[in-house]
Amino acid sequence: MKTVVLMKQVGNKDAVLRINKEGTWIEEGDLSYEVNESDGYALEEALRLKEKHGGEVVVCSMGPQRVKSVIKDALARGADRAIHVVGDDLARLSPFAAAKVLSEAIRSEQFDLVLTGLQSDDNGYAQTGVILAELLGLPHATIVIEVDASGEGLRVKRELENGWYQWYTMPRPCLLTIQSGISQIRYATLKGIMAAKKKEIREVAPAEAATASTSHQRITKIYFPQKSKQTQYLGDGNARAGAAELAERLRTEARII
Amino acid sequence: MSKGILVFAEHRAGAFNKTSFEAIAAAQSLGRELQQTVTAVVLGAGMANLAQTIAAYKLDKVLYAENEKLAEYTPDGYADAMEGVVRTIDPQYVVMPHTYLVRDFAPKLASRFGKDVISDCLRATASDGGVIFSRRIFLGKMDADVIPSGEPPVFATFQSGAYRADQAAKDGSAAVETIAVEVGEVRMQPEPAFQEVKQAVDLSKADIIVAVGRGIKGQENLALVEQLAQALGGELAASRPICDAGWLPIDRQIGSSGQTVAPKLYVALGISGAIQHLVGMKNATTIVAVNKDREAPIFDIADYGIVGDLFEVVPALTEAVKKLKE
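From first to last, the protein sequence lines stand for chains F and X. Residues in the first sequence are numbered consecutively from 1, following my numbering. Residues in the second sequence are numbered consecutively from 1001, following my numbering.
Excised from the complex, chain X in its bound form (with noise of 0.2 angstroms):
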């Protein structure tokens, strides 16, 4: 009988993404409420010390799946492995973060299963003994429960700050289990990895991120925003328009069409708060909003509200910071 919770934790370049840990967290909450154990999934070639480092969270065992086909992903390499996987283990639910990565291989897993998969949740309940997925729908503006029916297993990705990733419990008891999976033909084949834009950030890495809008009204203003930035030790981010005019690069962009990001603080500088931005930053733990406009959507999320004029408030700001970091 299908039994337990399957977590896949993505690694690039040696290392996990973040989204893996909120993602263990999802399925380690899952797990409490269905009372099920979770097992976590690392497929790779040549990876055991980086399963094994997985291994610190509170996990019932870290399954490493190996095959030399899976030293680069492919979604061929991946489906199979992850099918053979699911098949062996046969869990009841496979929890996965919705990446890009993700959303390339695991419909095609699902479909392997005549499913497909419940994807980019923000939060997963338990209710009688089944479990409601919920999700965002219509690019932000509406939310929508869902209910998993049929066999399982139950394929369900999770959004990017859904879940929190420094809340995934860690008692470093797992044990790593080494198994070789079988991979069929990888149709496709990969080119290394490159970035195009020089000094690319990660913006989902960073703690602090202030972001400007269309208020800024013009690139020679942005040094206003970099002086607050580099006053709370943050990274500088934008709005779509500011990246369309040009005035910061494209890599800076939050947001729907940019990076998606969940800081531990969020200043945002002149930005209204159009859905498409604040998909990509709902999730940061304190908000900040600066604006002009009191009426402004950003308001609605934001814990800190200033009403004001953004070039007397940043200044100010810039200031009274960097007296209390005396």
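Bound-form chain F, shown alone (with noise of 0.2 angstroms):
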């Protein structure tokens, strides 16, 4: 089984993040990046496939050369070889514009199965990995937390809404997004430290139909969410008072008692 697994550099989650001058963007100068979160789960699911299964694993990432870190971090987990897409505006595209240099990126690839994260922490779009599917013509499934790839094709569970979840089963090549939290995640070994300094990292440049191809949304401004309430304090340090003023308003105000 070959697997090709896509994976995101995005900023650190708990970072604190400010505008730009322009208002259009986050200043990026100031920003720690990290592996997208469901992303570090789909490189898993790829290394206990191929554990299973036998096979390769190969990690496709774009973006400037500071993706490197997530690259050699995949590599070091057991990934066997990359594809870096280098490029600066690269994590800036629409999903659709993404989705096309990914897939000339992958395509002469013979693999058998792409994973990616069901979405970025980022921008959160949510998107790129279905649309890279319809471009290879693959069949695809989202929000997956199991992969059976006993048989011929592809079993996978897949998380609906409201503790529902439902059995896909597909055939192969396809492509699945990887729900966070499908596995436990490795750490790198030293060994597996020393290992990826010798794996492959190819350095390819986007294809330029892929990039020049216009996006169809634009960010045109970015805010902090609106405070749109204001909060009534009861009470006053008294529990009891509290209590009882807030029983009242939920009747009177809220309407709900």
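Hints should not be assumed to be uniformly reliable.
Examples of chain F residues lying across from chain X (beta carbon under 8 angstroms, computed) [claimed, not checked]:
1. TYR33
2. PRO64
3. PRO95
4. LEU160
5. PRO225
Derived by calculation from the structure, the hints in this document are not laboratory data. Built from N, CA and C at the ideal position, the CB exists for glycine as well.
Mind assembling these two chains? They're in different frames, but the hints should get you there.
In structure tokens:
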């Protein structure tokens, strides 16, 4: 089983975000980066499938040189080799354009499976994987929490809403988007880190036609979410009084009781 | 010329989801602002009766697109069917709820038009003949205004709770038109959906939710909160740490990794209000927060706040509610 794992580098989740002067994006200068959470789980799933069924795990990431840290970490955890689509503005591409660039970068790989996280922690479009599947002519499943590759095709468990689940069977090759928490992510071992140094990282330029394709959605402004509510504080430190007053307000103002 | 708004109504197990009515409310709002008509589309097989129920809403038309391959949801089937409908109707905007089902096929649909989806929107506002879509980014820390460009249609999905289902206008005049749609090869085979947790609850349907967080300190104290939930006639819920600790089952978890809800009343007890929790409940009509820490972010979105010890406040509140209900 040969699996391509798409991994995105995103700003650190706990980072304090500042808006740039133009108000169009965040200040990236002072940002630290990490791997997109669900993409980490996608890699873990690929490594587990390889352990069970053999094959190869190829990591693909795009962005400036800083994304090498994501790639090297993935190689240290056990990926076999990597493709780095190099470009400064690639992280800002809209999902269709991003999928187009990725499709050109991995099209020639004879993969059985493409895995990626279900959405990114920065833009949160939740689309790149699905669009990529369409561009490559692959069947897909999203929000996958279990993969069974013992049969000829692939049987995957999808998370639906409100505690519902569903199994789907589909032929290979196919593309899955992986939900966070599908399994426990392994750490890179010292041996893995050493071995990673010898592994291939192939740099490729993004397909020109792909980056030139017009974006269909443009961010004109970013801002902190508005605080829409004026909180009425009740009780003034007295729990009983606060509770009584609240019950009354819920009846007269909110009309819930 | 592309015209009008097409809204996708999602159903499962023979009923529309609440988020579909929210999407209708969003589409109607956009329709009013742009002075365009709204058409709803329902996909299925043998679902004509269900499609009929949606005709009660103020819509120009309800399209029921039928194909036997649409009896069960598959991304291949839905993308093919919707592509056919969109090409026939030629709308300017395609509005959908941002559900797991829509997330599964909508990007595939949009890509057939060489486009992507403006996903998980909170608002859509008409501006200079166009529309500005607002969506939350960076896990809820930031909002972005997004302008679509290029040829129509514009595909957009709306977050659960972004519009209120009860604000969807009804006048019962829409005609239902059944059309046959073409569906090509469906490559994925679904098995029946199932629930893992036995008494799984759909909290998104609850009008009143009483949620508890770290402040409850121990599982043995949950009874206090249960009593309040009972007195209010509401459902019990929790923030992630409570479910991770196994004090309440995961199907009671509210937030980005749990359920997203928009009840009439949300009571947050001992919940500080990390963004991962807020995204799941911020659209509640009335939010009550009880917390020891006056600086807790939960108070930023609360209508009523009591700064104090929940072990004192909760029993007093339970008693007060019971009294008012007598």
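Results of checking the hints against the structure:
1. TYR33: violated, 13 angstroms
2. PRO64: violated, 19 angstroms
3. PRO95: holds, 4 angstroms
4. LEU160: Interface hint status for LEU160 of chain F: holds (6 angstroms vs cutoff 8 angstroms).
5. PRO225: holds, 5 angstroms
Going down the numbered hints, you'll see the structure goes against 1 and 2, while the others check out.
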